[in-house]
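Peer 1: Next come the chains, spelled out residue by residue.
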Amino acid sequence: MFAYVVKRLISGVLVVTLVSMAIFLLFWYGPSSPAQPICDRETSNRCTQTKLAVYEKTLGYDNPVYEEYGKYVKGIFVGRTLTIASNDYECGAPCLGVSYRTKQPVKEELVSRMPATFSVAIGGAFLYLLFGVPIGVAAARRRGTVADKALVSSFLFISSIPYYLFALLTWLYLTITFPIPFFSDTGYFSIAQNGPLKWFGGLFLAWVALGIFGCTQYTRFTRGAMVEALSEDYIRTAKAKGLPTRTIVYKHGLRAALVPVVTIFGIDFGTLLAGTIFTERIFDIQGIGYWSLQAVQGRDLPVVQATALFSAVVLIIANLLVDVVYSVLDPRVRLS
Amino acid sequence: MERLDSMKRNKPLALVAGAALLTLAACGGGSSDGGGSNGGTDREFGDQEGGTKDAARKGPAAEIEGAATGGTITVYLPGDPGPDSLDPTTGWSVTGNSIQQALTSRSLTQYARDENGQPVLVPDLATDLGTPNDDYTEWTFTIRDDATWEDGKPVTAEEVAFGICRSLDSEAFPSGAGTEYSKTYFKDAADYEGPYTGKDPNCEKWDGIAVDGQDITISMAKPFPDMDYWGAFMTMGPAPLGNASKPPNYGNKPLANGPYKVDSFKPNEELVLVKNDQWSADSDPARHQYADEFVFKFNQDQSKVDEIMLSDNSDSQTAVSTGLGSDKYTDANGQLGDRLVQQTSQCVSTLTPDYDQITDINVRKALAYAYPYEDVWIASGEVPGVTRVPANSIMPPGMAGKKDFQVDGEQITYDPEKAKALLEEAGVEMPYPITMVYYEVDPLAKAAQDQITKGFEASGFKVKAVPVQESPYNIWLDPDNKVNKTLNLRGVNWCSDWPSGSTMIPSLLRGGAVYNTARFDEASVNDEMDNIATLPLEEQADAWGSLDEEIMTDYFPIIPTAFRNDLFVFGTKIGNPTGDGSIGAPNYKDLYVMQ
Amino acid sequence: MSADTAGPETLGSLSDEPQHQDPNSQQAKEIAGKSPLRIALGRLARDKIAVVCAVVVLFFIICAVFAGPISHLFGVSLETPLASERVDGLNNNMPKPEMGPPFGPFTWEHPMGVAPRTGNDNLAYWLYGCRISLLIAASATLVASVTGVVVGLLAGFLGGAVDKILSFFVDTFLTIPFLLAALTLAPILNERFALYDSYATIQKFSLVVVLALFGWMGTARLIRGEVLALREREFVQAARVMGMPTSRILFKELLPNLAAPIIISVSLMLPAFVAAEAGLAYLGIGVTDGVSWGQTILQAATPTYFREYPQYLWQPLLGIVALVLSLNLLGDAIRDALDPKTRR
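Protein chains in written order, with the numbering used here: chain A, 1 to 336; chain B, 1 to 595; chain C, 1 to 344.
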């Protein structure tokens with residue numbers, strides 16, 4: 001088990017390195033100089049070739065690419081001082097660069113935006129697990145009944161709609177057509193500054209959208225897994241032994257059924273933590289996803305780089321955790 | 001003529017205003033129905049009629065009738081990222097300067113809003129508006145002794161001189177207004193690298209400024225009659241000596257000397273200002289300290305802000321918005337009354353045909369007739385006749401010396417037949433090819449470009465519109481840019497830095513000027529511009545007005561497509577809802593919360 | 001994929017095993033004539049939902065293919081009108097009453113009304129938006145499937161180091177969040193080609209590349225798994241023993257047996273790409289020339305337009321939902337038909 005985790009960690013590090021290199025090279029060899037956006041910005045669009053050269057030099061773009069990549073990696077571990085034109089910017093470890101727009105260390109802004117994204121992700125995931133799994137179990141137990149069929153087909157319908165349209169409609173109807181006073185001012189309001197009530201009110205609709213949509217999918221997963229599990233031989237054995245239905249369903253069936261659900265959930269949740277771009281864009285939540293969208297539109301390369309790297313790391317960790325949890329839940333799986 | 005006016009604001013406007021406005025850089029407009037400024041509505045305009053100066057104005061500023069103290073004013077800035085840095089030396093944007101100059105950062109001079117809504121130039125840190133010598137090559141300002149920093153220490157003449165010296169460091173402050181004015185006009189400034197880049201932390205190597213007790217004297221490289229206006233820029237204010245004001249860190253939390261100080265600043269997100277208890281009203285002829293707190297929220301979503309402002313809930317009653325979506329104008333106009341303020345922004349939108357490539361004046365005029373003004377405004381989310389009004393020349397309405405003339409006798413409007421006739425007269429081959437760029441990331445820009453293309457192609461032109469992913473200015477202002485080399489039609493939005501033709505015409509039409517995207521270069525015109533600066537002050541305004549007319553009539557090198565206005569929305573509990581005519585922003589100095 | 005080449009039966013004659021049955025007997029012909037695919041097709045035809053969905057999909061395909069003639073029939077076009085002719089600049093930029101809803105009666109001039117602010121004809125934009133949507137989704141599906149199948153085949157069949165490396169790439173690509181990658185790539189590609197006259201085409205092409213680049217991994221995994229199982233089967237072993245070249249084994253022996261998984265992955269990809277194309281356009285990083293359902297949604301989803309002119313939003317939105325929904329349901333039905341064991 002330990003050896004397996006180490007092995008997975010190594011391969012994870014390898015993937016992260018590869019991703020970071022790919023992004024680095026992408027900007028380095030992009031159609032325009034990677035210093036162009038900052039030069040344009042700082043000079044109010046009067047970036048001449050001479051000025052661009054100054055920026056390229058101080059940012060190190062006239063050095064060999066491997067040398068600069070080395071500095072970038074080193075900065076992540078020990079921090080560095082970045083020079084942009086004649087100004088020095090202190091960038092402590094882990095240094096992910098300095099935002100071209102705000103001139104603040106990217107890491108600080110990333111950290112300051114994490115609560116928003118995490119609030120969305122945790123709240124949404126909580127809702128869809130809370131409703132998805134029990135409904136799925138219930139449907140599996142009543143498999144084949146009218147209620148089951150109606151539920152399954154209506155949920156199939158909802159989950160076939162692209163998520164962003166579902167979220168958009170939720171937003172339009174619940175803030176514009178039928179505004180709910182307390183909840184229609186969506187956005188992220190930190191608990192520390194605005195109190196838990198405002199925080200809850202601002203995020204509620206985003207959670208509802210994410211929750212309902214996710215719930216339909218998790219109901220289907222859970223139902224499918226439950227149906228599968230309940231048709232296993234050991235369940236028949238348990239029934240034959242005369243165990244109470246409750247025990248059969250929840251102790252034997254659900255435990256087996258949860259395994260695939262946990263797997264999917266782990267990856268899903270990782271994706272959410274890495275940035276919920278559509279949810280944040282639609283509900284105006286200033287989290288990591290919206291930030292990366294704005295960074296792309298504002299050509300803020302260090303931020304684009306950092307958000308891509310961050311999400312890769314989160315997804316890799318999520319994958320690893322899922323595999324570990326999988327082996328714990330399902331004794332048949334041996335990690336090696 | 002003693003008709004001077006308000007002040008500044010500038011190019012970064014176009015940048016600051018974000019994606020939506022970038023569009024208009026390429027477009028703009030200038031025809032339409034009313035011909036006047038009020039295009040169909042009976043709304044009172046925050047217009048500019050030529051301001052005045054009052055060198056003798058003393059602190060404290062007159063109380064606003066009915067003003068109360070206390071409360072928090074929230075200012076929403078839709079689609080506007082705000083300043084990246086609060087360092088007074090680096091700021092040159094309407095948003096940053098309007099906030100900081102009104103509330104936190106004092107300079108030599110400033111503007112007060114008079115009872116007619118006109119900006120008046122009055123003293124600030126200086127005791128008067130400065131004393132020039134005969135040929136405006138030397139200006140002396142006496143710094144008042146009762147102004148203080150937020151830490152209670154007095155603002156000294158040395159600190160003011162150091163602040164001014166900082167504006168010469170164009171590498172540490174590449175976007176600062178000093179790069180345009182200090183560098184051009186101050187003596188030996190062009191060769192001085194500044195305190196940071198030149199490794200001269202105490203500014204000893206530059207002798208263009210002399211401090212004698214409370215007096216500072218600035219020597220000029222050439223006559224600079226507008227120094228008193230330039231003094232109203234916050235970059236002409238003090239900075240703490242030495243490392244305390246070292247960039248870039250100083251820009252996160254500059255030391256305030258106005259009625260408010262920085263409580264917290266998150267670039268592109270939020271700026272919170274709180275009362276500065278060290279500021280004394282007696283020392284300041286124009287600022288007030290009514291509200292307890294100002295919260296500026298940058299980068300807001302326009303439609304969301306519109307919803308808030310029109311809902312009149314507890315959030316919006318003490319809020320101000322610096323913009324209104326065009327899809328809300330009709331509702332807002334009916335609902336808000338005098339809490340919807342229209343303010344001229346002293347800006348002109350232009351199209352600039354390349355003077356070297358489009359050499360025939362008739363072709364340039366044909367372009368002006370081929371531009372579907374009102375359609376472009378609508379498509380780009382403007383309200384015709386309200387946020388955009390037809391323009392006849394470069395100098396915006398109300399600027400001292402502005403002539404009321406029309407190049408062709410009447411306002412140029414969209415007229416494809418006339419355009420075709422002009423092309424025929426020019427004897428050029430039709431369709432005449434035009435290459436231009438548009439900012440494709442913004443659907444509004446794309447829609448506006450579609451209208452332009454439609455109008456041009458109906459008028460005997462053939463349009464190649466190159467989509468770009470960045471601000472068109474990046475293309476237009478870079479002579480080496482490969483896209484730029486293919487263009488024969490560009491554009492610029494220009495705003496006056498102060499109400500003198502000297503901040504409009506030379507910037508746009510002097511040979512070799514950075515923003516001269518028309519590449520217009522006529523020796524006689526260049527000479528006339530140099531000549532005007534040496535005229536007696538009272539003749540200059542008229543001279544600029546005449547030059548404006550002469551250029552448009554004789555050469556028509558630039559197509560003014562619109563004069564621009566801003567819309568501000570004030571909450572029901574905001575007292576004295578007015579605009580600041582000097583800069584095209586809400587009048588932060590005089591706002592209060594009704595109690 | 002023609003049905004008679006599919007299935008392990010095609011290799012029967014190559015096998016050394018004795019034939020237990022006369023291949024020409026009536027009974028054998030019936031079995032041989034019904035390949036798994038044909039059986040599945042039969043099941044599909046009896047599935048009412050599947051038939052309805054297929055009809056809906058067909059409708060969209062017709063709209064897409066004949067966007068030009070249909071617009072012509074209605075007398076509408078993509079051509080930009082002068083905005084002031086169709087919308088009222090002093091009434092929130094809404095369409096003038098004579099342009100049809102929301103302020104006027106229905107008019108045949110503009111059966112679906114015109115867009116606020118620009119006055120573009122909604123029907124024409126809808127039809128061409130449908131074309132773009134299907135074109136991009138289908139192209140991306142094609143590219144991604146081919147890539148996925150090739151990678152899956154190679155990884156599964158060759159095994160060893162090749163499998164390890166290819167699987168590593170699959171894992172790596174799975175770790176990169178698609179949206180962020182698209183966000184990063186779009187401006188780079190667009191900037192690179194901005195000056196070309198065929199920019200609009202190139203933009204769509206690069207969109208296909210971006211979609212395919214992050215869409216092939218699922219197929220690759222699926223195919224790899226199938227191939228791992230198939231390569232131990234007798235007919236493959238036999239082909240190997242006979243010294244058949246690897247490429248021939250891959251494409252002549254294995255590929256025909258992969259029809260089912262390929263169809264399954266296509267059925268999953270197609271609706272996903274339709275949704276993704278519109279999603280990217282909605283975020284402003286996909287198609288930017290305005291002819292995309294996603295872009296129309298972006299413009300329509302403002303409070304004012306939604307309140308006063310909701311059909312402007314509903315037209316493209318229903319287009320996407322109906323198309324994606326029927327593609328998804330049809331896909332489900334196809335998967336069920338191919339593998340009757342799965343329960344819905």
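Wrong hints could be hidden among the right ones.
[Claimed, not checked] Here are the simulated DSSO-like cross-link-like pairs (lysine-lysine), alpha carbons at most 30 Å apart as the crow flies:
#1 A:LYS198 x B:LYS304
#2 B:LYS183 x A:LYS57
#3 B:LYS304 x A:LYS71
#4 A:LYS57 x B:LYS304
#5 A:LYS57 x A:LYS71
#6 B:LYS183 x A:LYS51
It should be emphasised that the hints constitute simulated quantities derived from the structure, not laboratory data.
Peer 1: A separate judgement is required for each hint: does it hold in the structure or not?
Peer 2: Hints, one by one, checked against the model:
no. : hint                : verdict
1   : A:LYS198 x B:LYS304 : 17 Å, holds
2   : B:LYS183 x A:LYS57  : 24 Å, holds
3   : B:LYS304 x A:LYS71  : 43 Å, violated
4   : A:LYS57 x B:LYS304  : 42 Å, violated
5   : A:LYS57 x A:LYS71   : 14 Å, holds
6   : B:LYS183 x A:LYS51  : 17 Å, holds
Violated hints for the displayed structure, listed by number in ascending order: 3, 4.
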